[in-house]
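Going down the list, the protein sequences come from chains A and B. Its first residue numbered 1, the first sequence is counted upward by one per residue in the numbering used here. Its first residue numbered 1, the second sequence is counted upward by one per residue in the numbering used here.
Hints in this document: simulated from the structure, not taken from any laboratory. Hints are not guaranteed to be accurate.
A few chain A residues facing chain B, derived, Cβ under 7 Å [unchecked claim]:
{"#": "1", "residue": "PRO26"}
{"#": "2", "residue": "TRP27"}
{"#": "3", "residue": "GLY30"}
{"#": "4", "residue": "THR32"}
{"#": "5", "residue": "PHE34"}
{"#": "6", "residue": "ALA85"}
{"#": "7", "residue": "ILE130"}
{"#": "8", "residue": "PRO137"}
{"#": "9", "residue": "ALA280"}
{"#": "10", "residue": "ALA296"}
{"#": "11", "residue": "HIS306"}
Each pair of labels, with its calculated beta carbon distance range [to be verified]:
{"#": "12", "chain 1": "B", "residue 1": "VAL259", "chain 2": "A", "residue 2": "GLN303", "range": "23 to 31 Å"}
{"#": "13", "chain 1": "A", "residue 1": "VAL305", "chain 2": "B", "residue 2": "SER64", "range": "50 to 58 Å"}
{"#": "14", "chain 1": "B", "residue 1": "ILE195", "chain 2": "A", "residue 2": "MET298", "range": "19 to 27 Å"}
{"#": "15", "chain 1": "B", "residue 1": "LEU161", "chain 2": "A", "residue 2": "PHE208", "range": "22 to 30 Å"}
{"#": "16", "chain 1": "B", "residue 1": "LEU211", "chain 2": "A", "residue 2": "SER161", "range": "49 to 57 Å"}
We put the beta carbon where it would ideally sit given N, CA and C, even for glycine.
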Amino acid sequence: MIAAPRFHLTVEDRRNLRTALPFIAPWMVGFTAFTLYPIIYSLYLSFTTYSGFGDATPAGFANYVYMAKDTLFWQSLGNTMYYTALAVPIGVVVAIALALMMNQNLREVAIYRAAFYIPSILPLFALTFIFIVLLNPGFGLVDYVLGLVGLPAVNWLGDASYTKISIVMLAQLGAGGPALIFLAALRAVPMELYEAARLEGAGPLRRFYKITLPLITPVILFDLIYGTILGVQIFTPAFVLAGGTSGGGAYTTGPENSLLFYVFYLYKQAFQYSDMGYAAAMAWVLFIISVVLAFAIMRWSRQWVHYEGA
Amino acid sequence: MTVAREATTQALPVDRQRAPSPVQFRIPPTLFVRIGLTIAAGLFVLPFYWMANSALKDIHELSSIPPTLYPHVPAWDNFWRAVTYIPFGTFLTNSIILTTGVTIGSAISNPLIAYGFSRIRWPGRDFVFGIVMASIFLPFPVLIVALFDIFAKLQWVDTFLPIIVPAFFGNPFFIFLMRQYFLGLPMEISEQARIDGANEFQVFLYVIMPLAKPAVAVVIIFAAVQAWGEFLTPLLFLQDETKYPLSIGLQFYRQSHDVAYNLLMAASTLIVLPIIALFLVFQRFFIQGVTAGSLKG
């Protein structure tokens, strides 16, 4: 057998492979059936016209050509990018702020930690319902407080320029999860560094910018990429805020389609208009967008991520 | 005397050196930190206070402007009305079945798979594990069109199978979490068991798993919390209303012309409370679960 040395398997290699196979077999089967095959199958469907019933008929690039001219597609993409560009950076800042607060050396810090973290594990659909009440112009708390301080009431869910801001605020309730990861990173910063900086007369702000921030940049990178991937698939809050299934089959998408996010539009194409071919094409474009965004962030991060020992 | 006095002064921290006043009105330095933390924590708690507040108002008090800051006439029967206004019992049963199924599947599959990626060294292992990790970053909605068609052809649509069955094949985040834990256990204990004649599955089941209970607990808790709040997959794969879990069923408070917001909040309270209780009981596991994901941050 002619093969590169690293592909040459020793007797022990083969034995280990045989031993490991039953353990990882469930993942291999599941990954193939529920991830790999659907991705490939979507690619095939994206070149067809298919209603979900009967046979898919070949359509060449028709779905992609239509997409380029579909104003709702572009609006949904724009809405999604607007939301992601706003929610992700704010989310990173809020998570770091929460982590710094969770890191305070106070007796009752566990209470603050619980208050910050618990909302992040609560069902998103329930949080959305709570926001519907919280942001209601009549019985909502937010507009009441705005009124108290003399600010005009905002029609958060009825005014197209505020609906996405509402979801950005809602998303911050989930910041407690990443905050715990940042907290672990803060704990890992060697105390000697702070001591040395203090001796040299560096104040708390300077210590944060010169020591803490550089050392937690790997976590910032992770949070940026993961947050972006979550951001481009935003669906549940928009779907619930806009009215959910209460429209009787026709899903409303918020004032002036302001809540028509990418996945919401994909969902409508597939399950309201039964245009599975077009929805599959949208799925593939989303796949490519997320891969490109992840790599772009990774490349950009080379300029600011601090790796230990570098 | 002088010498002794000097010695004590030196031993004391600097700010204690001048403290002649018997009664101290000094502001503790942590006060401002505490105020800041209380305000921030308040912002995170207020939505839930408002949920409970709205849940306990009758429909007249709910529509009063300005809103009342606490329920003046607590309408406790809202909770009873909330669970009878919609088929809450059916939705709750479905949520419990789905959550139990997903949790059992996760508890079985993830330790098994993670074991194969950590306690056995086989050629190509780290490359394949790279694929597992990469799949964490794949947006699930990319798959929904194809998955729906696949499950429709299997006649699984409108059953719980499309939601429960995939859990029996592992979840990349849970595999990562269990693998981290397994890698932290010394290899010698496996070696010893192998020398004693145990096969690999016996090593897994009788030697490693008993040691991995805390990590399995983390997987169980996170899987349950996730399944309880799952929205997209039930929306996609369940059509018959009698099969809806709570996440989809709550929409029915909005079916009629007037939305029963107070009942919706009462139901939301009932949905949120078990998770809060779970956190308070198993706090330790939640913290471990999240920080295990921190890599070598």
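Status of the hints after comparison with the structure:
At its closest, the beta carbon of PRO26/A sits 5 Å from a beta carbon of chain B; the interface hint therefore holds under the 7 Å criterion. For the restraint placing TRP27/A at the interface with chain B, the shortest Cβ-Cβ distance is roughly 4 Å, inside the 7 Å limit, so the hint holds. For GLY30/A, the suggested interface contact is upheld, since its CB lies about 2 Å from the closest CB of chain B, less than 7 Å. Hint on THR32/A is violated. Least Cβ distance to chain B is approximately 9 Å, over the 7 Å limit.
Interface hint status for PHE34/A: upheld, as the beta-carbon distance to the closest one in chain B is roughly 5 Å, under 7 Å. A hinted interface residue such as ALA85/A counts as satisfied when its beta carbon comes closer than 7 Å to some beta carbon of chain B; here the least separation is about 17 Å, so the hint is violated. With 7 Å as the threshold, the beta carbon of ILE130/A comes within range of chain B, its nearest partner Cβ sitting at about 5 Å, so the hint holds. Given hint, PRO137/A at the interface with chain B, is violated; its Cβ is 9 Å from that chain's nearest Cβ, farther than 7 Å.
Interface restraint check: ALA280/A against chain B, minimum CB-CB distance 5 Å, threshold 7 Å, status holds. Below 7 Å, beta-carbon pairs count as interface contacts, and ALA296/A has none with chain B, the closest being about 13 Å; its hint is therefore violated. Interface restraint check: HIS306/A against chain B, minimum CB-CB distance 12 Å, threshold 7 Å, status violated. For the pair VAL259/B and GLN303/A, the supplied restraint of 23 to 31 Å is violated, since their beta-carbon distance comes to about 50 Å.
At roughly 53 Å, the beta carbons of VAL305/A and SER64/B sit within the given window of 50 to 58 Å. Distance hint check: the CB atoms of ILE195/B and MET298/A are about 45 Å apart, inconsistent with the given range 19 to 27 Å. Checked against the hint of 22 to 30 Å, the C-beta distance between LEU161/B and PHE208/A comes to roughly 51 Å, which is inconsistent with it. A hinted range of 49 to 57 Å holds for the C-beta pair LEU211/B and SER161/A, which are about 55 Å apart.
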